[in-house]
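Number of protein chains: 2
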Amino acid sequence: MRLTTFSDYALRVLTYAGTAGERLITIEETAEAYNISRAHLMKVVNILTKTGYLKGVRGRSGGITLAKRPEDINLAAVVRATEPDFALVECFATGNQCIITGCCRLPNVLNEALNAFIAVLDRYTLADLMLTQRDFRAPHIRSGKRRGPDFIDASRPAAGPSSPSKRTRSAAPSKS
Amino acid sequence: MRLTTFSDYALRVLTYAGTAGERLITIEETAEAYNISRAHLMKVVNILTKTGYLKGVRGRSGGITLAKRPEDINLAAVVRATEPDFALVECFATGNQCIITGCCRLPNVLNEALNAFIAVLDRYTLADLMLTQRDFRAPHIRSGKRRGPDFIDASRPAAGPSSPSKRTRSAAPSKS
Numbered sequence: 633m634r635l636t637t638f639s640d641y642a643l644r645v646l647t648y649a650g651t652a653g654e655r656l657i658t659i660e661e662t663a664e665a666y667n668i669s670r671a672h673l674m675k676v677v678n679i680l681t682k683t684g685y686l687k688g689v690r691g692r693s694g695g696i697t698l699a700k701r702p703e704d705i706n707l708a709a710v711v712r713a714t715e716p717d718f719a720l721v722e723c724f725a726t727g728n729q730c731i732i733t734g735c736c737r738l739p740n741v742l743n744e745a746l747n748a749f750i751a752v753l754d755r756y757t758l759a760d761l762m763l764t765q766r767d768f769r770a771p772h773i774r775s776g777k778r779r780g781p782d783f784i785d786a787s788r789p790a791a792g793p794s795s796p797s798k799r800t801r802s803a804a805p806s807k808s
Numbered sequence: 633m634r635l636t637t638f639s640d641y642a643l644r645v646l647t648y649a650g651t652a653g654e655r656l657i658t659i660e661e662t663a664e665a666y667n668i669s670r671a672h673l674m675k676v677v678n679i680l681t682k683t684g685y686l687k688g689v690r691g692r693s694g695g696i697t698l699a700k701r702p703e704d705i706n707l708a709a710v711v712r713a714t715e716p717d718f719a720l721v722e723c724f725a726t727g728n729q730c731i732i733t734g735c736c737r738l739p740n741v742l743n744e745a746l747n748a749f750i751a752v753l754d755r756y757t758l759a760d761l762m763l764t765q766r767d768f769r770a771p772h773i774r775s776g777k778r779r780g781p782d783f784i785d786a787s788r789p790a791a792g793p794s795s796p797s798k799r800t801r802s803a804a805p806s807k808s
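Chains as they are written, first to last, in our numbering: chain B, 633 to 808; chain Y, 633 to 808.
Chain B on its own, in the form it takes in the complex:
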């Protein structure tokens, strides 16, 4: 279970812009600060501007800045704006072909779990993620350090499919 890179980068650029405060930032410096794709970040900034989280300031010393106060940027709302869907299983998406749709009890369980996930994000705003500008200068990565959930042992071999191409569930495999 993953969020898209799109959401990941959206949260990063908002954190960066929020931390910069009134200073205008640029896509270039944000991409450089995180060492991530400038092209990908441009698309992210475009959506965050369209959805009212960022605003652009034109001119020679123009740039981008938050369009709202950090405490008014709810994290659940951001993720809802940036995730293409929350199709945990096939029947959550359009084009569903699962034969037990309608009588299956799994969707209720997964909806309850998803609502619990979103409800937690709903309790936080961008203000809770603010850092200092210094935090972006010195790398804090410690070798082997992972920030993921305790219930997952990263060293264990994954039970599920491991190759990236198999990890998408954008289309159900054709019947063979």
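The set of hints was computed from the structure by calculation and includes no laboratory data.
Just to be clear, a hint being listed does not mean it is correct.
What the hints assert, rightly or not - Which bits of chain B does chain Y cover? Going by a derived footprint, with three or more residues having C-beta under 8 Å, they are:
1. 636-650
2. 654-661
3. 693-703
4. 723-733
5. 750-760
Backbone N, C-alpha and C define an ideal beta-carbon position, used for all residues, glycine too.
Following the hints, complete the assembly by docking chain Y onto the known chain B.
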């Protein structure tokens, strides 16, 4: 945010096997019942057998059946066994390169949300998903019917990337 097709199919085959009760099922009939890939299902059954959820019975009239009672098959445990990871953002995975790792506050928020998600699944077992054999015979799909969360309007254009290839976050895009 999605679960893998692997987890989706795992939950389906367990539901099918549980509903069949003492009758042995086969991969072929399960693939046919759901109209899904037999090859994909074979891998799923293999993992579910290795992890002690299914057992195979050899012989002319052999097949597969649940290795435990449905009420002893916890849904959170199944998903933990079938999802390759819960790497919601880059720093939850191995190979993390995010420069603010260590001082960033997002992982705590996401871990809390993920734990809330898993905690809901932890309250359910396969017994809660049991159907009748008849449910697999008549298609219950109603045109346009989607079982996803209420907070998502499936008809809205997705804000995030929409092409399947862009939806994986298996590898961060290279810096451009």
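Evaluated hints:
no.	hint	in the structure
1	636-650	holds (count 8)
2	654-661	violated (count 0)
3	693-703	violated (count 0)
4	723-733	holds (count 10)
5	750-760	holds (count 6)
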